[in-house]
Structures are given as structure tokens and as C-alpha cells.
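Undergrad: Sequence:
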Amino acid sequence: LTVPGDGNGAGVSAFERGGNSETPGGFYLGPTVFDHVTEEMSVGREEIFGPVLCIKRTRSFEEGLSIINASRFGNGSAIYTQSGRWAREFAHRVGAGMVGINVGIPVPLGFFSFTGWKQSFFGDLHSHGKDGVLFYTEKKSVSYRWFEEADAKVKKVSTWD
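Numbering follows our numbering, in which position 105 of the sequence shown is assigned residue number 105; successive positions increment by one, without gaps.
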């Protein structure tokens, strides 16, 4: 677990530094939040699966969006704003499979698919949600046309008795 250790670079501050968990035989990390992270730092470039939040500060919406979209990963992204305009713009233009607006990324709830994009995705289908159900579904198309025998407009062609 060396990646969060790289967050000790110049200008980075850790709000909460979880360190390694006391659980023996495991590779666990306590919750850690890094602020003032840049692309030059490994914590700013790598996808960390764990309770780690890296805050990258930008001067504008466009700069922030370009940093996200330039990443080779596309797992998820979130924006916190009071502006509906910027929320819609973000959701439309961000290159991530899971988008949160004024909430964290909406997983792992069962009704949301794990929808990572780019190098954050593996396989043909997403594992949860509709794609997961469709993967195990055998589709069948059945066409019916029913007639009432008493309907005078319908001529009975044959019978099965």
C-alpha cells in the first residue's frame, strides 16, 4: 500500500490520514482525504480502490472537466454545485460511466450498474443492473392473434380437436 504515501508531496495536505488498518493478514487502508493533488502525483493519476479521496483544485469548470476527460480511467465522477446549468453540462460532457450530482457516485446500489468507462471497465457488459439481468436472460419473441369464435367476422380455418 504505497500509493497513498505518495500524497505527502509538496503542497498536499491530508485532512484525514487513515494509515494501514490493524487487521492482520490484510491489505487494508483507513479513510484518507488528500487536498491540493496534482497530475504529477501518483495519487492524482492512479485509480485507487479504497477509502481515498483526492481533491484537485481548478480555476474553472472547463479546466476541471478537461482533467477528468484526459484521464485514462472513466469509473466515476461527481460535482457539487447550486447551478442546474453546470450540473447538466457536467453530466452531458464528463467522460465517466457513473456521475453524481450533489451526491457521491451512485454505487454499489443494486439498481445502478457498475458503469466504468475507458480502462475502468472490463468485459462486454456491466456487471450489475440491467446489463447483468440481460446477460442471464434468454429472450423469446412470441406473436399472438386471438379471435373470438363467436365473432361473425372471423372465419374459422381449422380445428385441433
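One thing to keep in mind: the hints can contain errors.
Said to hold, decoys possible - Pairwise CB distance ranges (calculated):
id, residue 1, residue 2, range
1, Gln82, Pro24, 24 to 30 Å
2, Val133, Ile55, 15 to 21 Å
3, Val133, Gly84, 30 to 36 Å
4, Arg85, Arg59, 15 to 21 Å
5, Thr137, Ser42, 38 to 44 Å
6, Gly25, Arg88, 28 to 34 Å
7, Ile48, Arg85, 41 to 47 Å
8, Gly25, Gly104, 27 to 33 Å
9, Arg59, Val133, 42 to 48 Å
Since the hints were made in silico from the structure, they are not lab data. Just so we're clear, the structure is a prediction, and the values are computed from it rather than from any experiment. In this text, a Cβ means the ideal position worked out from N, Cα and C, and glycines have one as well.
Undergrad: Each hint should be assessed against the structure and marked as holding or not.
TA: Right, here's what the structure says about each hint:
no., hint, in the structure
1, Gln82 x Pro24: 24 to 30 Å, "violated, 46 Å"
2, Val133 x Ile55: 15 to 21 Å, "violated, 36 Å"
3, Val133 x Gly84: 30 to 36 Å, "holds, 32 Å"
4, Arg85 x Arg59: 15 to 21 Å, "holds, 19 Å"
5, Thr137 x Ser42: 38 to 44 Å, "holds, 41 Å"
6, Gly25 x Arg88: 28 to 34 Å, "violated, 47 Å"
7, Ile48 x Arg85: 41 to 47 Å, "violated, 31 Å"
8, Gly25 x Gly104: 27 to 33 Å, "holds, 30 Å"
9, Arg59 x Val133: 42 to 48 Å, "holds, 43 Å"
Going down the numbered hints, you'll see the structure goes against 1, 2, 6, 7, while the others check out.
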